[in-house]
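Numbered according to my numbering, the sequence shown spans residues 1 to 744.
Take the hints with a grain of salt, since some may be wrong.
What the hints assert, rightly or not - Mimicking SDA-like on lysine to any residue, the simulated pairs with C-alpha atoms at most 20 Å apart in a straight line are:
hint, residue 1, residue 2
1, 564, 537
2, 564, 608
3, 564, 606
Keep in mind the hints are simulated off the structure, nothing from the lab.
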Amino acid sequence: MKLLITQFNPFFSNPFFLNNTLPAGYLSRPLGRQEIRRYFISLATMVLPLLWGAGLQAASCTWLGGTGNWSDASKWSCGVVPGPGDEVIISSGTVTMDVPATVVQLVFAGVELTGSNTLTVSGAVSWNNGNINAPLHLSGTCIMDIDGGNNLGNVLNIGAGAVVNQLAPFSIQSGGGVVNDGSYVQDSGNLQMNNNSVTFDNNGTFEVHHDGTALGGGGTFTNNGVFEKVAGVGDMLITPVFINNGTFNHTSGNVVRFYWLTQNGTFNLNAGGTLRLTGRLNAPIAFPAGTTLQWDNGSLENNTALVIDGTFEIPSGGTMSGTGDITINGTMNWASNTINQQITIGNSGEMNITGSTSLGADLINNGIVNQGGSLSYGAHTITNNGTYNKTGGNLQLNSSSAVFDNNGTFNASHDGTLMNGSGTFNNNGVFEKVAGVGDMLITPVFINNGTFNHTSGNVVTFYWLTQNGTFNLNAGGTLRLTGRLNAPIAFPAGTTLQWDNGNLENNTALVIDGTFEIPSGGTMSGTGDITINGTMNWASNTINQQITIGNSGELNMTGPFEKKLNSDLLNDGTVNHSGSGNFFCSGSITNNNVYNKTGGILQLNSSSTVFDNNGTFNLSQDGSVIGGPLSAVFNNDGTFIKTTSGISSINPTFINNGTIQGFGTLDFTSFIQNGTFSPGLSPGILTIDQPAAILQNTSTVNIEIFDNSGPGTGHDQLLFTGGVTLDGTLTVTETGTVSDASFV
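Throw the hints in and build the complete structure from the sequences for me.
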């Protein structure tokens, strides 16, 4: 005898034929696995009564409807309370489990089972569109099909050997839960855990055969056995807390997403698959090449070594913390959030920073870091042993204890703020600005022990630079800094060194063939001297080192602020002192070429300060022009020219061994004349205001006579306001057409 199954109705309205022929009107078709399960349950409901009728003494008991207790025999069609060998059908009403009960089969549809006592089923259960709010236990090899809109409000216990087939959406309400010691097969639909108190303890196997939401809602799913996605090519979503103490096999599909995963067991991700999660990792998960870990928005606690040979995606905000370090041998794409664990980028690894990120631990890069977004960190260290490419954003060192050790290559390819904060950047490798035509700002302490190449852009600004290595400034570039120079930097023609407000310690020979700009206050000290072969523009501050102006060099002292030099100034080029700011020199000044003074006071600031003029000193200024104590000395061994008509006061002792020219009045406090007077500038009147001038026998007075128009226009005149002792030589030169006359 053969059994041919055509169509199925769980309430047994469709026929079964015990032959090989279908009646007219019936069409056969292939059957799916779900249908086969239903058929066998239905078959059991048809055949078992026949077998019982043949002598097994079993009963088929149907609930007669309404509300009542399980123990009420009058509510059952069989006239007795169903027992262990009975088949039970409940299709209407509400049944209260007032006593424990055991049956072989349960067909349950559209009704409610309630109460506190346990119903045990040993054979088969068909559950379609009803509420089970009483404890239910599946024993032996019981098979349960869940179909339709069902709700569980108590504990379902799936015994070892029992099987549950979920064929449609299924909800567990508050007070409900599942303990699975057997097998749970989810063919379709969502298992909805509708309250945070709901639990599902999987001690057996749980199989998912579809895409979409597998577990929805809240509650907690604890996997102590095996959880496996075995079918479906798409994504799977699990929203309750998922605690994996057993084995999780993602053998089919693309993405598996957890709202909260606590990983304590074994987790096997599908080749090419993606794990999206927040939660807690207490045991490792392997991420081979081709797989992806995506940390979603929220907190992630990692207490195990996390090794990524595939891809680590961090698209949104949150915080990662814990005791486990992170190793990237593949790719890490970091767009947002805070990571409080050490990250190591392996030799073949790559980190891409694209958004606003924060690091609360160390970062060791042996591969490649591409920073296009912003990265901030506190009292931790970033160590670059590979390549660090900075294409945008800000590198924020948020603590004085924050350190960046560059032992490899650091490439900066953007303008603006490159690094900010108060930490320290140690360049032991190569640091290079490779792109960008504008300015670059570095505010942390920058210690260059390696090579710094400023190959692109205009201005590079350091708040504090310690220069111990090689520093190459872009042609036409500007270096703005405070800090410490322990090794030379070349400043060829076209380049600029700008010392910003603050202190600068220079312990190396500083040679400027370009431009040295000093716009604001501060102090320069150290053991290194300064040589200017280009241009030095000095507006304010204090310099404690010798300055040499080369033959082609120029020093411009400008503006209203004081300039102080606590060492010597040697000028072989040109010095221009303009503006209202005073120049205080406590060392010595030697002028071998041109010194032009049009503003401020030249203050010979100590009793031992000496100004040796061996070149030309051009004074185009009235008032107090050269100050200092009487013991300070201005030695004129060259040419001193006054070009203004007023009174110019000079307080230090003035010793003239050279030539004094010009017009107006020179008011000397102390004057020694051993040289030459040449009044006017062809011709002119020069007045010497000094109580008792003495012209030594080495003195010379040069008088030019142009015509007979009188003093100042026709001939030179030298006047003394006090007494004068004359000695030496008078030289008169006729430079024009002169008639006989007296010239006084």
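Hints, one by one, checked against the model:
no. : hint         : verdict
1   : 564 with 537 : holds (14 Å)
2   : 564 with 608 : holds (16 Å)
3   : 564 with 606 : holds (12 Å)
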